[in-house]
Amino acid sequence: MLDYITSYLGMNTTPGQAGNVFWAVVYILVVFGGVSVAVIAMNWLERKALAHFQIRLGPMRVGPHGLLQPIADAVKLLTKEDIIPHEADRFVFWIAPLIILCASFTVYIVIPFGPTHAITDLNIGILFMLGVSSLSVLGVVMAGWASNSHYPLIGSLRSSAQMISYEIAMGMAVVTAILMTSLNKSGTGTLSMIGIVQAQQQQQIWFLFKFFPLGFISFAIFAIAMVAETNRAPFDLPEAESELTAGFHTEYSGLRWSLFMLGEYTAMIAVSSIAVTLWLGGWLRPFPNTLTGETWDLVFSLIPGFTFLGLAVIAFIGVKRMPKHPYFKIQTAGLAGFGAVLGLIGILLFIPPVRDRIQDIFWFVAKVAVFMYLYIWYRATFPRYRFDQLMKVGWKVLLPIAIGVLIVTAILGVVL
Amino acid sequence: MTDPTTYLSHLELGEPDKTFLDTNELIINMGPQHPATHGVLRVILKLDGEKVLGTECVIGYLHRGVEKIAENRTYTMFNPYVDRMDYVAAVSNGLGYCEAVEKLLNVEAPPRAKYIRVILTELNRLASHQLWLGTHALDIGAMTPLFYTFRDREEILKIFEKYCGARLTTHAFRIGGCQYETYEGFEQDVKKFLDFVPPRIDEYEELLTTNRIWVERTRNVGKISAADCKALGVTGPVLRASGVKWDIRKALPYAAYPEFQFEIPTGANGDTYDRYMVRMQEMRQSLRIIRQAVEGIPEGPIMAKVPKVMKPPVGEVYHSIEAPKGELGYFVVSDGSTQPYRVRVRPPSFVNLQALDVMVRGQLVADVIAVIGTLDIVLGEVDR
Amino acid sequence: MPWESPLVAKLKAQYGSGVREANTYLGQNYLVLEPSIAREALQILRDEEEFDYCVDVTAVHYPNREKPFDLIWILYSFARNQRLRVKTMLADGESFPSSVAIWPTANWLEREVFDMFGIKFDGHPDLKRILLPDDWKGHPLRKDYGIIQQDQEWVKANLGIESGQ
Amino acid sequence: MEPVATPFFFYFLSGLTLLSGVLVITRKNPVHSALALILGLLAQAGLYLMLYAPFVAGVQIILYAGGIMVLFLFVIMLVNIERSQKEEQFNKQWLVGILSAGALGGLFVLVYTKGSGLFPAVMSLPVENNNTQQVGELLYGQYMFAFEIASLLLLVAIIGAVVMAKKRI
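Residue numbers (this note's numbering), protein chains in the order written: chain A, 9 to 424; chain B, 2 to 385; chain C, 49 to 213; chain D, 1437 to 1605.
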C-alpha cells in the first residue's frame, strides 16, 4: 500500500495518467479545498478592493480589516431560512444550483497548475473544459424557469442567450491558440492543457506574443468573452439590478443562493485559468527565453518566498497601526498570527525541494490573480451594456475578428 | 389595484412588428417598488419583446396636498413646507417661494441677502446635479460615480449645516431676506470648496465622458427635439440639451443673477448624453457664479423691512426661478388676509415627466431606466 | 393698471367685449376673457403671437362668486421673452374645451385641475384623476373641502383603517 | 492508462441512458423530459469515452447537452406548460408503435444471433492519443465533400431561420 503511494512520487506525470487513485483523490481534495479558499479570499478581496475604488473602507469589523467577513457571511447564509416559492418546480429549483456548481468544479480536473500538478491530463483537455463549462447554462435556464416568476425568467433567457453567443467567439479565440501549438517543426498540435503549455515552452514564446499582434488579438477576444461568459460587469445584464432585480437567482436565498455565488466565482477562476494556460504560458515563469541561466532560475525561484514574506511584513505593519485599545486586542493578535503564518509559508518556500515543486503553482496562481483583480477593476469602472449592444459586440465585432484572426494565423502557419 | 391594461386604453399604441412568427405584446408594471424609478413612480410599459410601444405613468403615491396645506397656514408658516417637495434641492424651492411672496408684498431683499441666496442656491444646484449624476450612473450600471458624488455632496451639506443647522430640508431663507447672517469662516469654507471641487468634477468626467459603454448607452437614447420640448413644456437641462438656449436666470433674472457672468451650456441632439454633458457644464458654471458671488458679496443688512404679520394686498402673482430640474414657479393669490388664498406650485419634475412617453417610444426597456434617470425627477415634487 | 399693447388691441378689435380686462399688476400682464372666446383666443395667442410654451394651467375657487372658478393659463413666449396670464371664469359644473391640442403639456396639467377642482375639459384625451386615486370622492382644492377631510369609504376599503376623523 | 472497471461503467452508463429515455416519454412536464434527455445525452458521452472517442464525447457535450438542449429548453419554457399538461400524453397510434417496436426488436435479435460473421471477433484497440487528429483528417480528407454539403445545409437553415423570424433584415 505504502509502495503504491510512494511510487507515484517518482513518476513525472499527473496522478490521473499514472492511474494512481490515492494521489488522484488527494489532488481532487486539494484542488477542491484550494478553490473554495480562493473563492472566499476572492470574495473578501472584491469587497475590499471595490470599496477602496469607491473611497469606502469595506468590511472592517469582523476580524482585522474584515478578514473573517467571508466566514461570517458563510455562517449567515447557511443559517438563513431556505425559501422555495410556493409555485416553483421544487425538483428543478433544487437541482439548478447544483448543476452550476458541478459544472464549474468539474472543469478543474484538467487545469494544469504545473507540469505534474493536475488531477489528470486529457488529450481533449481544452475541449472538455469548454464543454463542461457550457453546461452551466443549463443551470441558469433551469433556475430561471423553476422560480416561476417573470423577472428570473427574463434574466435567465438573457443570461443563456448571452452565454451561448459569447461561447462562439470564445471558441474561435481558443482555436487560434490551439492552432499555434501545431506550428512547430513536427507539425503536431495538441488539445491537452499540459501539452499546450509545453508547446509554449518548446517554442520559447507565450502565445500572447506569437505572430504579434495576432496572439494578442485572440487573447483580447477571449478576455472580453470570458467576462461575458461569467456574467460579470460590464456584461452583468442578467443581474442588472436596476432592471431585473437579481436576474435568474432572484427567488433564491440562503444556502442555494450562496451556491450560485460559489459557482460564479469558481467559473471566473476556471476561465481565467484557461486564458493563462493558452496565452500566458501557464505555469512558466516570466521571461523563460530571455533571462535564462541558473542564476535567473534561482532568482525567479526565490520570488514566491519573498512575496509571502512581503505579505507578512504588510500584515505586521497593519498590526503596528492597529488601535492600542484593549477592545482590539484579539483582532491585533489575530492579524499578527495571520502575518506569522504568511511569514512561515514564505520561509518554507525557500527550502529547495519545496521551492522547486511549488514555484510552478505560484506563477500560475499569480497570473490567475491578475485576472481576478481585473474582474474587480472592470466592475468598479464600467457601466453596463444594453442587451442589444451586448449581442452586437458578440456577434458583429468579436466573432468576425476572431474568425479573421484564425484564418490569418492559419495562413501564416502554412507560409512560415 | 386596478388592472394595468385599463390605463393604456387612451394611448395610440404602436403595433408590434408583424412577422412570420407573431409575438404578443406584453404589459408589465415597473414600480412603484423598483430600484430604478427613484422613489414611487409606477410606469406601465407595453412591450413588444424588449421594445417599448407605449408607457403610462401612474403618480400620486407621495401626494401630501401641499397646496391645500398652504391655504390653511400663514405665509411664514408655509415656508418650511416647500422644502419637502424637491427635497434634494430644498434651497431652490425656498428661494422661489420667498421671492414670490416678496413680490406680492412689494418688498425687495437687501443685496447681501440676495448674494447669500445665490451662493446657497447654486451650491444646492451643484448638490442636486451630483446626486442626479450618481444615481443616473448607478442606473446605467456604473457603481463608482455614486460614491464620488456623494463624497463631494457631503461638503456642500456641511456648509448648509453650518449655516442653518439642517442638511437637507434647510429652510434657509425667510420672506424678506435671510434669517441668519453667514457664520464666521463661511467665505473661506465656500472658497475652499470651490478649489476642491473642479478636479473632482474632472474625475467624474474621466470615468464617464469618454467611456465607450457610457457613450453607447446614452447617445441617441431618449431623444427629444426642441419643438417637442417646447410643446411639452419641458424646461431645465432637458430643454437646453435639445439646443434651446433658455435659462430663467438669464431670460427673466431674479435675485442677484443679473450681476454675474455665466454661460448657458446647450446641447445639440437632445439625447441622454447631451443632457449629461449639459449638466456637467452647468456644475462648472455654478462654481463660476459662486466664485463671483463670494468675492463680491456686499456688506449690509440681510433682512428687508417686512411686517411681523404679513397681509399682502389683494392680488396674484406668478414668480418662477430656474431650479436644478427646470422652471419652478409659484402662483400665489392673496385675499388680503394672513393666509394665502391659493398657492399653486408649478413643479418642473411633474411637467418634465410627461415627456417620458415621447422619449422612450420605440426604445428598449433598458433605455426606460436611462431616461427616467436623465429626466432627473424627484417624486416628492411630482406628487407634492 | 390697464395694459396697452398691440396684442391687446388686436384681441379687442377681434372680440370686442369678450376681452373683459387687460391689466398689469406688479409688472405681470394678464387678460381676463369670456369663456366663450377663451379657447379661440388661446389658439390665436400660440399661432399668431408666439406664446409657444404653456407654463401652467391651474384654477382658483371663489365659492361666493356667481361664477366660482378662475381658470388660469400661464403662457410664455420664447421669441418675445414675455409672460402672460390668461384667465377665464367658469360656473360650477361648467366644462371648458381642452387646450391639449394647442399645447400637449396641458394634458397632465388639466388632469390635475380636474382632480383638484372638478372642472371638466371637453375633448381631453384621457380626463381622469392624476394625483388622487381613481375612485376618490371630492375635489380637495375647492374651498368647501376641509383640510382634514378624507374620502372615508375609500380609506376604509383600500387601506383597511378607520379614517382619522 | 489502463481502463478501470470497464464492464461496470458500461452497464451503468447504458442503464442510465435507457432510464432517461423512458423518463423522457413518461414525464408529464416537458421541461422534466428535456432534463431527462440531457442526462441521457451525457451518459452517451460517457459511452463514447469508453469507445476511445474522446473528441466525439466532447462534441456531444458541447453541442447537444450545452447548445441544442438549451435551445430546446428555451422553446419549451416559452410555451404554455399548463396546456400541455392537460393534453393527453400518448396518442392512439399504438398499432404502428407495436409494429415498429417489433421490427426493431426483430432486427436486434437477428443481429445478435446471426451477426457474429459481420463483425470482427476481436476489436483492434484504437490509439487514444491521436483520435482528434484522425477525426480531422477523415473529415477534411476522405469525407470532405459530405462535410461541405452538410455545412452548406446548415447555412441554408440559418438563413431560413433568420428570414422566417425577421421581417426587416
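It cannot be assumed that every hint is accurate.
To be verified - Here are the simulated DSS-like pairs of lysine-lysine, each with C-alpha atoms no more than 27 Å apart in a straight line:
#1 B:Lys69 <-> C:Lys115
#2 B:Lys69 <-> C:Lys60
#3 B:Lys69 <-> A:Lys404
#4 D:Lys1528 <-> A:Lys404
#5 C:Lys176 <-> B:Lys69
It should be emphasised that the hints constitute simulated quantities derived from the structure, not laboratory data.
Fair warning: this is a prediction, and the values are worked out from it, not measured in the lab.
Now for the hints, and whether the structure bears them out:
1. Proximity of lysine 69 of chain B to lysine 115 of chain C is assessed by CA-CA distance (about 21 Å); at most 27 Å being required, the pair is judged to hold.
2. With a C-alpha separation of about 36 Å, the suggested pairing of lysine 69 of chain B with lysine 60 of chain C is violated against the 27 Å cut-off.
3. Our distance criterion of 27 Å between C-alpha atoms is broken by lysine 69 of chain B and lysine 404 of chain A, whose separation comes to about 58 Å.
4. Between lysine 1528 of chain D and lysine 404 of chain A the alpha-carbon distance is near 48 Å, which puts this suggested pair outside the 27 Å criterion.
5. Proximity of lysine 176 of chain C to lysine 69 of chain B is assessed by CA-CA distance (about 20 Å); at most 27 Å being required, the pair is judged to hold.
Hint check: violations occur at hints 2, 3, 4; the rest are consistent with the structure.
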